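J.: Each chain is listed here by its residues.
2 protein chains.
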Amino acid sequence: MDDQRVSLASLFLVYLVLSEGRCSVGVGSRDEPGYKTRYVEVQVDHFSFANSDTFQLRYLVNDTYYKDGGPIFLYTGNEGDIEGFVKNTGLLIEMAPRFGALVIFAEHRYYGQSLPYGKESFKDPAHLGYLTSTQALADFAVLITHLKKTVPGAANSPVFAFGGSYGGMLAAWIRMKYPHLVAGSLASAASIFQYPGITDCEAYSHVATRTFQRSGAGCPERIRSSWDVIQDLGKTDAGRHNLTSMFRLCEPLAADDMPTLVNWLVNLWMIYALTDYPYAADFLTPLPAWPVKEACHLITSHEDVLSGVAAATKLYFNFTGQAVCLDISQPYYGGLAWQYQACTEQIEPICSDGVNDMFPAIPWDLVAFSQACYQRWKVRPRPYWAVTEYWGRNISAASNIIFSNGDLDPWSAGCVLKSLSDSLIAIVMEDAAHHLDLRPSNPADPPSVVKARAQEADIIEKWIQEYHLTT
Amino acid sequence: MDDQRVSLASLFLVYLVLSEGRCSVGVGSRDEPGYKTRYVEVQVDHFSFANSDTFQLRYLVNDTYYKDGGPIFLYTGNEGDIEGFVKNTGLLIEMAPRFGALVIFAEHRYYGQSLPYGKESFKDPAHLGYLTSTQALADFAVLITHLKKTVPGAANSPVFAFGGSYGGMLAAWIRMKYPHLVAGSLASAASIFQYPGITDCEAYSHVATRTFQRSGAGCPERIRSSWDVIQDLGKTDAGRHNLTSMFRLCEPLAADDMPTLVNWLVNLWMIYALTDYPYAADFLTPLPAWPVKEACHLITSHEDVLSGVAAATKLYFNFTGQAVCLDISQPYYGGLAWQYQACTEQIEPICSDGVNDMFPAIPWDLVAFSQACYQRWKVRPRPYWAVTEYWGRNISAASNIIFSNGDLDPWSAGCVLKSLSDSLIAIVMEDAAHHLDLRPSNPADPPSVVKARAQEADIIEKWIQEYHLTT
Numbered sequence: 001m002d003d004q005r006v007s008l009a010s011l012f013l014v015y016l017v018l019s020e021g022r023c024s025v026g027v028g029s030r031d032e033p034g035y036k037t038r039y040v041e042v043q044v045d046h047f048s049f050a051n052s053d054t055f056q057l058r059y060l061v062n063d064t065y066y067k068d069g070g071p072i073f074l075y076t077g078n079e080g081d082i083e084g085f086v087k088n089t090g091l092l093i094e095m096a097p098r099f100g101a102l103v104i105f106a107e108h109r110y111y112g113q114s115l116p117y118g119k120e121s122f123k124d125p126a127h128l129g130y131l132t133s134t135q136a137l138a139d140f141a142v143l144i145t146h147l148k149k150t151v152p153g154a155a156n157s158p159v160f161a162f163g164g165s166y167g168g169m170l171a172a173w174i175r176m177k178y179p180h181l182v183a184g185s186l187a188s189a190a191s192i193f194q195y196p197g198i199t200d201c202e203a204y205s206h207v208a209t210r211t212f213q214r215s216g217a218g219c220p221e222r223i224r225s226s227w228d229v230i231q232d233l234g235k236t237d238a239g240r241h242n243l244t245s246m247f248r249l250c251e252p253l254a255a256d257d258m259p260t261l262v263n264w265l266v267n268l269w270m271i272y273a274l275t276d277y278p279y280a281a282d283f284l285t286p287l288p289a290w291p292v293k294e295a296c297h298l299i300t301s302h303e304d305v306l307s308g309v310a311a312a313t314k315l316y317f318n319f320t321g322q323a324v325c326l327d328i329s330q331p332y333y334g335g336l337a338w339q340y341q342a343c344t345e346q347i348e349p350i351c352s353d354g355v356n357d358m359f360p361a362i363p364w365d366l367v368a369f370s371q372a373c374y375q376r377w378k379v380r381p382r383p384y385w386a387v388t389e390y391w392g393r394n395i396s397a398a399s400n401i402i403f404s405n406g407d408l409d410p411w412s413a414g415c416v417l418k419s420l421s422d423s424l425i426a427i428v429m430e431d432a433a434h435h436l437d438l439r440p441s442n443p444a445d446p447p448s449v450v451k452a453r454a455q456e457a458d459i460i461e462k463w464i465q466e467y468h469l470t471t
Numbered sequence: 001m002d003d004q005r006v007s008l009a010s011l012f013l014v015y016l017v018l019s020e021g022r023c024s025v026g027v028g029s030r031d032e033p034g035y036k037t038r039y040v041e042v043q044v045d046h047f048s049f050a051n052s053d054t055f056q057l058r059y060l061v062n063d064t065y066y067k068d069g070g071p072i073f074l075y076t077g078n079e080g081d082i083e084g085f086v087k088n089t090g091l092l093i094e095m096a097p098r099f100g101a102l103v104i105f106a107e108h109r110y111y112g113q114s115l116p117y118g119k120e121s122f123k124d125p126a127h128l129g130y131l132t133s134t135q136a137l138a139d140f141a142v143l144i145t146h147l148k149k150t151v152p153g154a155a156n157s158p159v160f161a162f163g164g165s166y167g168g169m170l171a172a173w174i175r176m177k178y179p180h181l182v183a184g185s186l187a188s189a190a191s192i193f194q195y196p197g198i199t200d201c202e203a204y205s206h207v208a209t210r211t212f213q214r215s216g217a218g219c220p221e222r223i224r225s226s227w228d229v230i231q232d233l234g235k236t237d238a239g240r241h242n243l244t245s246m247f248r249l250c251e252p253l254a255a256d257d258m259p260t261l262v263n264w265l266v267n268l269w270m271i272y273a274l275t276d277y278p279y280a281a282d283f284l285t286p287l288p289a290w291p292v293k294e295a296c297h298l299i300t301s302h303e304d305v306l307s308g309v310a311a312a313t314k315l316y317f318n319f320t321g322q323a324v325c326l327d328i329s330q331p332y333y334g335g336l337a338w339q340y341q342a343c344t345e346q347i348e349p350i351c352s353d354g355v356n357d358m359f360p361a362i363p364w365d366l367v368a369f370s371q372a373c374y375q376r377w378k379v380r381p382r383p384y385w386a387v388t389e390y391w392g393r394n395i396s397a398a399s400n401i402i403f404s405n406g407d408l409d410p411w412s413a414g415c416v417l418k419s420l421s422d423s424l425i426a427i428v429m430e431d432a433a434h435h436l437d438l439r440p441s442n443p444a445d446p447p448s449v450v451k452a453r454a455q456e457a458d459i460i461e462k463w464i465q466e467y468h469l470t471t
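Same order as they appear, the protein sequences are chains A and B. Here the first sequence stands for residues 1 to 471, where the numbers follow UniProt numbering. Here the second sequence stands for residues 1 to 471, where the numbers follow UniProt numbering.
Note that these hints are calculated values from the structure, not bench results. Keep in mind it's a predicted model, so treat the numbers as computed, not measured. Be aware that a few hints might be false.
Identical copies go unnamed one by one, so any copy, or any two together, can satisfy a pair.
[What the hints assert, rightly or not] Calculated cross-link-like contacts (lysine-lysine; reagent style DSS-like; alpha-carbon spacing at most 30 Å):
no.	residue 1	residue 2
1	Lys119	Lys378
2	Lys148	Lys418
3	Lys418	Lys462
4	Lys149	Lys418
5	Lys123	Lys378
6	Lys67	Lys462
7	Lys418	Lys36
8	Lys123	Lys235
Could you build all of it, start to finish, from the sequences and the hints given here?
T.: What follows is the structure, given as structure tokens:
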């Protein structure tokens, strides 16, 4: 990242960028301590023979606590360099000693070093088209068979999949689609229900608003009132000049930039809610402890609505004091690859109505979305495919999946919040943001998260026992 | 088929041809009575975006007995024109009145009229490469969502998948991979275990031999003794002339044709066992009732071994009296499309040892197989992929599948013969050949098959009740 300009939202569609940003994490350039880098050869296309190319998928191995025959804890990597997920995910390695587990972090294709066509991977649809969740699941399935053959003592080891956010969806799905390879999964913040037709697109905005409500009296109301102020200012040159100055934008705001500014702010509040961790963390960006509370304090303590909003904006983008100006022409985070996934099969509609949430009314517009995706990528979304492929809301035929959810996390709106059977177990963690249970333990963790982690470990122990009784 | 020459086996690899032949059926040129022809648009490639082409998948609908809200009985079509499967499958329509069921026969991509690229479909790997079971399952999944949206009263109808042989494998797999769309499956003669590493490749030959043993005292011994006689004759011009004459071959047998002749005969006996129905049937070819018994009678009643073998050969290829000569340079049956599937992902090894079976010792040679496939199709088999994709022998996470098996059927060697849970139910039918339970009822059906059909209907009734209790 350029240290003079902070990338912000160039939102051709607001929720696309939100999706992009939701799980991208800082990327390390060196091997994580304790982890060895390995590769497994996989097909570029597992499901047809028109393309017989193969590539090397990266995975990181930590055998510090592994005892022969112990379980394999496999993190099913999401949309980013896998090293970043090692840094932000403590649960696997913290749980490993109890079980003598081998810890593996598998990289998702088209991220980090796992590029099927190297630098050409993003060249055109012919190269990029194999970036799908189903292909990624098949990569992980091949990896598991490889591990069982090559890791000493692991031929009969139960494998448990772990993941957060999109990685959590993959963890759930791999148990659903390949249960012979995966004895159970911990799917944290796995919004497997956030697809067209099976979850109200406003639900996400409701949760985000609730998180702000709980973080400061009157905070959502102040944010809601900001939209008219911003739109009014946007109508005049002087007003836009004022906005440019207050938000320290890198480029002067033009009249037709107004939707971008609004979308960018909507995204900002949503991401605040997403990353509302109880301690200072560097997940999407460095933030203080309980950042929503901090933001709400700024928003409600300024007499002028806009000054409060601008102050909260600066908190997010300038917490470490590096940013000189804000560039709303760039996405918050997230690379090309996730933008592409969000334009193809990972269509997770989010909207707002301006009444039951603190946002302006922004409908979900599939036609406009599809058009924008086509212009950008020359592909059309297949918005209903994920529901067909991944069972919609009818997942009762699955088993051995823990769905953990933080109640501050807007993505929880599309997650499994109620247990569906003895082995499809939902855990809702009070005062927890996006997959907090997966992060390294911290003295500031709320009791709900400490309890959830203990429960998760006990369930896994039970599933390990059942596995050895039945295989 | 040319009425002057009967196509026989041009076996570049014996078991490939056996696979080809195992389910091909006669093709009708007109709509089946009671069935309407419909089409649904599906992606050529469901699992990536490198190819966004779509095509029209054909399905046949019979709503004679359908009552609003009744179940949908979906035959998951296998390797052939779907009309042939309507003719050879009576169970669905016979069971429909009891349940008020809608009967659908769905065609498998690349067969019949469901050609993704029309006449170009077989042109090269780029066009043919999308012929895989996983893509076909996705086609059927899309079809089910389409039916639920478009058939009156069917929005909440339970869907049951039916299939025999490869179609039975698809019926089992669609319940395993898409259980939200399929309430249960009847998978007859579904050799889902017939893959490298999970079933002994000799098992198939053992069952074939057993079927001959049960059909005539001394019959397998006579066949076993024939191989040396044939090989000895093959060593001299006079001997080969004799063989050409006895088998009424279209072309004089050359020395290097001998392996082809032997493979062709091995396949013949295996196919006899496969189609050993209790009444005259035209499944792969017109045959009398209990054809193995008829063949064994010919084999054992001739004093000369070879005369008996030749007589049984003529029974198979000349039952209707049309054939003038036999052409061993052609495969028994089966089109290009199944040859391709058998060379890519449907790798089902079969071998023989010449001791525990009545065949010459023919090992399973993956290297030679792969080479032959590459020469023919320019693709390499992925022999272990099916075990990864379809769960190997560890299918205990599945539910609501009936696996029915005929004990005369060599393919039963790779099928599920023992119930694995209350809802993974195996039925073994005594005196039944390849998926006899699916064929139209016949007074000559053995009691085991009558009983199996009743049991199957009762289980489906139970699953329908459970479906309505839980949805």
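J.: All the hints need checking, so say for each whether the structure fits it.
T.: Status of the hints after comparison with the structure:
1. Lys119 <-> Lys378: For lysine 119 and lysine 378, both the intra-copy (19 Å) and inter-copy (28 Å) Cα distances are at most 30 Å.
2. Lys148 <-> Lys418: So lysine 148 and lysine 418 pass the 30 Å test across copies only (27 Å; inside, 33 Å).
3. Lys418 <-> Lys462: Cα proximity of lysine 418 and lysine 462: in one copy and across copies (20 Å, 27 Å).
4. Lys149 <-> Lys418: between (37 Å within a copy, 28 Å between copies)
5. Lys123 <-> Lys378: Answer is both: 12 Å inside a copy and 26 Å across each meet the 30 Å cutoff.
6. Lys67 <-> Lys462: For lysine 67 and lysine 462, only the intra-copy Cα distance (18 Å) is at most 30 Å; the inter-copy one is 46 Å.
7. Lys418 <-> Lys36: neither (38 Å within a copy, 43 Å between copies)
8. Lys123 <-> Lys235: neither (40 Å within a copy, 61 Å between copies)
Hints 7 and 8 from the list above are not met by this structure, while the remaining hints are.
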